[in-house]
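2 protein chains.
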Amino acid sequence: MRVAIDAMGGDHAPAELVAGAIEAVSGGHIEVALVGDEASIRAELDSRGGCPDGISVVHASDVVRGHESPVDAIRKRPDTSILRTIQLVGEKAADACVCAGSTGAAVAAAMMTLHRLPGARRPGIAVPFPANNRNGVCLLLDVGANPHCRPVHLAQYAIMGSAYYRAMFGEAEPRVGLLNIGQEEGKGTSLVRQATQALRSEPVNFVGNIEGRDLFGGAVEVGVSDGFVGNIILKAAEGFAEVLLGQVARQVGESNPALLQDLKRRVDYAEYGGAPLLGVNGVVMICHGRSKARAIGNAIRAAAKAVEQDINSHIVRGLNEESAGIQS
Amino acid sequence: MRVAIDAMGGDHAPAELVAGAIEAVSGGHIEVALVGDEASIRAELDSRGGCPDGISVVHASDVVRGHESPVDAIRKRPDTSILRTIQLVGEKAADACVCAGSTGAAVAAAMMTLHRLPGARRPGIAVPFPANNRNGVCLLLDVGANPHCRPVHLAQYAIMGSAYYRAMFGEAEPRVGLLNIGQEEGKGTSLVRQATQALRSEPVNFVGNIEGRDLFGGAVEVGVSDGFVGNIILKAAEGFAEVLLGQVARQVGESNPALLQDLKRRVDYAEYGGAPLLGVNGVVMICHGRSKARAIGNAIRAAAKAVEQDINSHIVRGLNEESAGIQS
Numbered sequence: 001m002r003v004a005i006d007a008m009g010g011d012h013a014p015a016e017l018v019a020g021a022i023e024a025v026s027g028g029h030i031e032v033a034l035v036g037d038e039a040s041i042r043a044e045l046d047s048r049g050g051c052p053d054g055i056s057v058v059h060a061s062d063v064v065r066g067h068e069s070p071v072d073a074i075r076k077r078p079d080t081s082i083l084r085t086i087q088l089v090g091e092k093a094a095d096a097c098v099c100a101g102s103t104g105a106a107v108a109a110a111m112m113t114l115h116r117l118p119g120a121r122r123p124g125i126a127v128p129f130p131a132n133n134r135n136g137v138c139l140l141l142d143v144g145a146n147p148h149c150r151p152v153h154l155a156q157y158a159i160m161g162s163a164y165y166r167a168m169f170g171e172a173e174p175r176v177g178l179l180n181i182g183q184e185e186g187k188g189t190s191l192v193r194q195a196t197q198a199l200r201s202e203p204v205n206f207v208g209n210i211e212g213r214d215l216f217g218g219a220v221e222v223g224v225s226d227g228f229v230g231n232i233i234l235k236a237a238e239g240f241a242e243v244l245l246g247q248v249a250r251q252v253g254e255s256n257p258a259l260l261q262d263l264k265r266r267v268d269y270a271e272y273g274g275a276p277l278l279g280v281n282g283v284v285m286i287c288h289g290r291s292k293a294r295a296i297g298n299a300i301r302a303a304a305k306a307v308e309q310d311i312n313s314h315i316v317r318g319l320n321e322e323s324a325g326i327q328s
Numbered sequence: 329m330r331v332a333i334d335a336m337g338g339d340h341a342p343a344e345l346v347a348g349a350i351e352a353v354s355g356g357h358i359e360v361a362l363v364g365d366e367a368s369i370r371a372e373l374d375s376r377g378g379c380p381d382g383i384s385v386v387h388a389s390d391v392v393r394g395h396e397s398p399v400d401a402i403r404k405r406p407d408t409s410i411l412r413t414i415q416l417v418g419e420k421a422a423d424a425c426v427c428a429g430s431t432g433a434a435v436a437a438a439m440m441t442l443h444r445l446p447g448a449r450r451p452g453i454a455v456p457f458p459a460n461n462r463n464g465v466c467l468l469l470d471v472g473a474n475p476h477c478r479p480v481h482l483a484q485y486a487i488m489g490s491a492y493y494r495a496m497f498g499e500a501e502p503r504v505g506l507l508n509i510g511q512e513e514g515k516g517t518s519l520v521r522q523a524t525q526a527l528r529s530e531p532v533n534f535v536g537n538i539e540g541r542d543l544f545g546g547a548v549e550v551g552v553s554d555g556f557v558g559n560i561i562l563k564a565a566e567g568f569a570e571v572l573l574g575q576v577a578r579q580v581g582e583s584n585p586a587l588l589q590d591l592k593r594r595v596d597y598a599e600y601g602g603a604p605l606l607g608v609n610g611v612v613m614i615c616h617g618r619s620k621a622r623a624i625g626n627a628i629r630a631a632a633k634a635v636e637q638d639i640n641s642h643i644v645r646g647l648n649e650e651s652a653g654i655q656s
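Residue numbers (our numbering), protein chains in the order written: chain A, 1 to 328; chain R, 329 to 656.
Chain A on its own, in the form it takes in the complex:
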């Protein structure tokens, strides 16, 4: 099992990505290919006692910067670390990959290099959040790969999210809810009203419309929204959590650092293994830019598990069972 990682992506590159890779290979059954500027990566490995068994370095001379158009960068520059990372998956030189750099660049590179899974209309990013359900975690998708959704995209997100949740968290029939401003049918935008109808005929355990509270409150395992709403929820939840954590830190940070650490972990989705880009023909795990070694290690392990669970076969099977009536 070999996982490629863009060692130059994220706020703490390459140090924390190298450290996360070292942690991940320590278990023995995962190998990691660190992709990026070889000199920087080797220097980082040397500062941590050398290159351990299971780690290899793949040189890439270029890097996508935060301020540039991700699509342009992927199209025009053939040797960026993120493109090379995803190409390793396309070339079967890696089984999966982990990216903590520009999310837009990861999505663009995956679309151009790996292409969509058969039957998948649009890929979606599924973020794990803490939730008061049996597994303590819910998935929300899409959170930004597809801001302009049609009903069929939402229906497919339900199928893809269910397949991922089932494979990764062992829940036989994950409950799926559609994010809306009330539980009653007929509420909300025309997109969600049409999607509600579409979801009723899909091979998923659809429980109906849900509100934001239900998502975290344990009413579902999978929440579906368009990428515009999902991205705003993701960022708002992050921001709101930061305000609360700041308050906890001011009041008990010194007397109870363990509480603060624990809360921080709970709000950091990379702790749950990163956010998979579902619907592309490969396993691509996206991490928050601020991920540190522990979160990166978790994402590498989650990527490996998704491969072992053969997640994309489950998704393709689910999409094949998709209601033939939903073509809009």
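In silico EDC-like pairs for lysine to aspartate or glutamate, Cα to Cα no more than 20 Å straight-line:
no. : chain 1 : residue 1 : chain 2 : residue 2
1   : A       : K264      : R       : E566
2   : R       : K633      : R       : E359
3   : R       : K592      : A       : E242
A few chain A residues that face chain R, going by a derived Cβ cut-off under 8 Å, partial list only:
no. : residue
4   : P147
5   : I181
6   : F216
7   : N256
8   : D262
Now the stretches of chain A that chain R is said to cover, found in silico as 3 or more residues with beta-carbon under 8 Å:
no. : segment
9   : 124–131
10  : 218–229
Calculated directly from the structure, the hints in this document are not laboratory data.
All figures in this text were calculated on a predicted structure; none of them were measured in a lab.
Ideal Cβ positions, reconstructed from N, Cα and C, are used throughout, including at glycine.
Add chain R to chain A, keeping to what the hints say.
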């Protein structure tokens, strides 16, 4: 100064509403009219030592239930406590009102009874949230009065939210941001792209697009979104906070109850005085259904302050200055 309150609205009616009213009149300069079933309200007052100076009771025989259509209830039933509460404002028998029952019913009753302010296209509900800015609070509007927005509605929300923030929190030039999935112009839905252009020519301190993190992170005082997105943010933030608070409670609830209380207060928007329905010709403060006495007391005081600050004159003046070019 007389504030009417729907004593039958909310999860803890009438007990906590009566208790909140008693708290609010203790300061001396506010009178409160408790509207609803007189026998229940009098019994509640009796159990708290009788009816204090400054409190009066206005009987209403009916109540809007949670499961019914708010618009139908307001249209068809003339003696519901929420309609009577808002009518007191329309009849000038009260200067402002506070409602913790059905938000939909409050909006419908306010629209039918008080009507819109001159120049206001659609009313919007502005929720105060904790934020890392100078005043420790930001406003988000709309959070559900208007799920189907046009660009001009968002531009007006910026004007109304700025006027309210300025009057209530003493910030001369509140910064306004438009909720989007990135700060760059050109991102997001066609609604937000058009609204970005509209906002540039409005008499507000518009800082551009913001993400959910910026809203709570202190980048703005006022965040503007359509009612669909705003309502989902509101509910998601509530739900996410509940998961985090549950964790804090499990870990330190017994050893540090003060921390838990403080965090609960910070996430409860009624602690900041409830959520005003802006754009109607009267002061209507909406509280969360689960509000307890302290939050209700704060909302009554905030309603009184909004009247003292003559908030609606400021809003009308702002709308009159509105760019003549924005008519879409």
